[in-house]
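The sequence shown begins at 0 in numbering that gives the first Met the number 0 and counts up one residue at a time.
Careful, some of the hints might be misleading.
To be verified - Okay, derived cross-link-like pairs now, PhoX-like style, lysine-lysine, Cα gap no bigger than 20 Å in a straight line:
id : residue 1 : residue 2
1  : K298      : K337
2  : K601      : K560
3  : K30       : K17
4  : K614      : K601
5  : K321      : K284
6  : K440      : K123
7  : K495      : K516
8  : K366      : K440
9  : K516      : K488
10 : K262      : K224
11 : K465      : K479
12 : K607      : K585
13 : K109      : K252
14 : K311      : K284
15 : K397      : K479
16 : K366      : K465
17 : K271      : K341
18 : K298      : K326
19 : K397      : K259
20 : K180      : K109
21 : K259      : K284
22 : K445      : K467
Claimed, not checked - Here are the computed distance ranges between Cβ atoms for each label pair:
id : residue 1 : residue 2 : range
23 : E464      : F260      : 56 to 62 Å
24 : D82       : E542      : 16 to 22 Å
25 : Q12       : D32       : 15 to 21 Å
26 : D265      : Q227      : 23 to 29 Å
27 : E478      : K259      : 22 to 28 Å
28 : V611      : G219      : 55 to 61 Å
Derived by calculation from the structure, the hints in this document are not laboratory data.
In this text, a Cβ means the ideal position worked out from N, Cα and C, and glycines have one as well.
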Amino acid sequence: MEKLQGTSMDIVQDNIEKLKQIFPEIFTEGKIDFQVLKQLLGEHIENDKERYSFTWKGKTQARQIAQDTSTGTLRPDRDNLKDWENTENLYIEGDNLEVLKLLQKSYHGKIKMIYIDPPYNTGKDFVYKDNFRDNIDNYLTITGQKSENSTGGGGYKLTTNSETSGRYHSDWLNMMYPRLKLARNLLTDDGVIFISIDDNEVTNLKKICDEIFGENNILGLLPWKKKQGGGNDSKFFVQEHEYILCIANNIEKFEIGLDKFHKLDDNLYPFKDEKGDYGLVTLDKSSIRFSESLVFEIKDRLGNSYFPRIVKGKQSCWRWGKEKVEKDFDELVFKDGKVYTKYRRPEGVPPRSLLIDTRFGRTEVGKEEVKDILGDGEFSYPKPIGLIKHFIHLIPKKNFIILDFFSGSATTAHAVMQLNAEDEGNRKYIMVQLPEVCDEKSEAYKAGYKNICEIGKERIRRAGEKIKADETLPAENREKLDIGFKVFKLDSSNIKEWDSETEDLRQSLFDSIDNIKSDRTSLDILYEILLKYGLDLNVPIVENKHFYSIGGGTLLINLDKEIDMEVIDSICEEYKTLLEIDEDFKTTVVLRDSSFANDVDKTNAMKKLEQVGIKEVRSI
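Use the sequences and the hints to build the structure in full.
Shown next, in the form of structure tokens:
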């Protein structure tokens with residue numbers, strides 16, 4: 000019975016396995032022969048000592064931390080949820096670096112869109128200070144879940160990254176690099192990421208995204224007009240804009256939809272027929288490349304003949320060939336001796352790079368939206384809902400997952416619910432936010448919010464109810480709208496590690512007999528198992544008398560401290576039932592290692608499971 004590992008996906012090993020598939024010949028006794036790899040890559044190897052590169056202090060470490068496994072887990076918090084049983088939305092409290100590591104198996108290649116609004120490195124905002132040795136321990140200390148270095152167990156306020164720090168840009172790059180590296184793994188092949196940024200780090204952000212995603216996958220750097228007016232105290236230019244860097248995971252597979260909310264000039268479509276509004280454009284053009292085959296007679300329904308005109312002494316030609324003229328004859332209009340084609344009012348237009356329309360909102364609009372939900376002074380500089388909605392609706396589908404791992408006041412979650420209510424979408428979100436402590440002098444703290452996560456969760460609750468009650472939205476959309484969310488909190492693994500370095504070795508040995516931490520629930524353990532096996536956190540969990548059935552029987556789990564043959568028989572019968580539905584069905588059984596009375600019982604249980612065809616048995 001193989002032991003379940005208490006770590007997240009091993010990204011290095013995963014990359015090695017991919018290399019084995021592509022270049023099996025480079026492996027010698029399990030190691031990579033780089034000389035053979037160089038031979039296979041030929042001229043694509045760079046051997047010069049001087050080469051173009053982008054580097055900074057700590058880059059090697061930042062690259063390494065993106066590959067290190069996490070020993071943490073996500074514990075369900077059923078006290079702060081909304082509609083746990085029915086919702087597919089997730090709100091995760093924790094250091095986003097560790098959370099992204101934990102999501103690698105379960106959500107690898109499943110996220111269609113990512114939007115993030117990270118710290119801009121203005122000198123006034125904080126930058127995550129990752130602890131490369133033990134980031135889980137670092138996180139628990141920051142959030143007050145460990146008393147060491149914390150203020151009364153309540154956590155401490157993160158410090159700002161001032162220009163006097165000496166490694167001002169390096170600190171920011173070290174924060175962003177591993178997070179973006181991990182984020183890319185979660186994107187679908189046709190996925191896309193939008194990143195808000197301003198002038199402080201836009202150049203550096205572009206460079207690291209060139210490296211992580213590939214230069215050819217950069218879709219654009221979109222200026223967004225964040226405010227209008229003011230700026231009388233500006234020394235040079237009034238800063239009215241920020242940027243959104245847009246990057247495809249694979250530009251060859253990415254599709255962008257039309258901007259359906261772009262305001263069109265009604266004067267361009269003055270006519271109307273049974274198909275809708277249209278304008279007219281002449282069929283003959285002297286400006287297009289001349290072709291003799293496009294010069295031919297067209298007759299209207301009255302028998303009148305038309306030929307391409309001579310314009311300024313130059314023979315023009317038709318834009319359409321004979322076959323298309325015959326096929327789409329109803330789209331021709333004969334007027335004033337000319338032939339016209341109808342051009343229809345489009346459902347939308349290709350999206351523009353300049354985000355200056357008021358429909359995208361301004362920073363002040365974002366503040367008012369939060370104020371409308373939570374009251375005065377709860378959150379600084381939130382993005383407006385209209386901006387995030389714009390990016391979401393550019394994805395042609397209406398059923399996909401959106402991730403925001405700098406979720407702040409949860410504007411992204413609000414935008415997802417609002418757009419779903421408007422267009423009958425079934426989009427789901429995953430919000431990730433560090434529970435950064437609110438300043439005791441802030442209005443948010445005075446209003447009862449101890450950290451940013453409390454603000455975000457309350458906004459989602461209230462915004463969802465408000466959208467549900469909005470009678471201007473279609474009733475059928477509101478009726479089936481998912482406004483709930485499951486809450487998970489980052490924590491150390493539920494599985495104890497045997498500490499061979501402890502002074503009380505005897506006690507440590509006794510503790511290892513039952514390797515599950517005493518303060519953890521069955522639900523805690525179940526969700527850690529889901530993460531380790533790469534199952535969606537929304538996968539159905541059915542509790543039977545003797546076991547949990549996960550994902551329709553993909554996992555059969557018993558977490559009892561004592562297991563008898565009745566439990567094993569029950570699992571065997573369940574598997575037989577599953578085989579009747581699908582003769583090729585495979586399952587994995589997970590049991591507590593310490594649950595058997597003795598080795599004989601354990602051996603007999605394994606034999607019974609094997610007899611019915613269950614070959615995958617794991618222990619915790």
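Verification of the hints:
no.	hint	result
1	K298 with K337	holds (11 Å)
2	K601 with K560	holds (13 Å)
3	K30 with K17	holds (14 Å)
4	K614 with K601	holds (15 Å)
5	K321 with K284	holds (16 Å)
6	K440 with K123	holds (17 Å)
7	K495 with K516	holds (6 Å)
8	K366 with K440	holds (19 Å)
9	K516 with K488	holds (16 Å)
10	K262 with K224	holds (17 Å)
11	K465 with K479	holds (14 Å)
12	K607 with K585	holds (16 Å)
13	K109 with K252	holds (15 Å)
14	K311 with K284	holds (12 Å)
15	K397 with K479	holds (14 Å)
16	K366 with K465	holds (17 Å)
17	K271 with K341	holds (10 Å)
18	K298 with K326	holds (14 Å)
19	K397 with K259	holds (14 Å)
20	K180 with K109	holds (15 Å)
21	K259 with K284	violated (30 Å)
22	K445 with K467	violated (29 Å)
23	E464 with F260: 56 to 62 Å	violated (25 Å)
24	D82 with E542: 16 to 22 Å	holds (19 Å)
25	Q12 with D32: 15 to 21 Å	holds (18 Å)
26	D265 with Q227: 23 to 29 Å	holds (25 Å)
27	E478 with K259: 22 to 28 Å	holds (24 Å)
28	V611 with G219: 55 to 61 Å	holds (56 Å)
Checked against the numbered hints above, the structure breaks hints 21, 22 and 23 and satisfies the rest.
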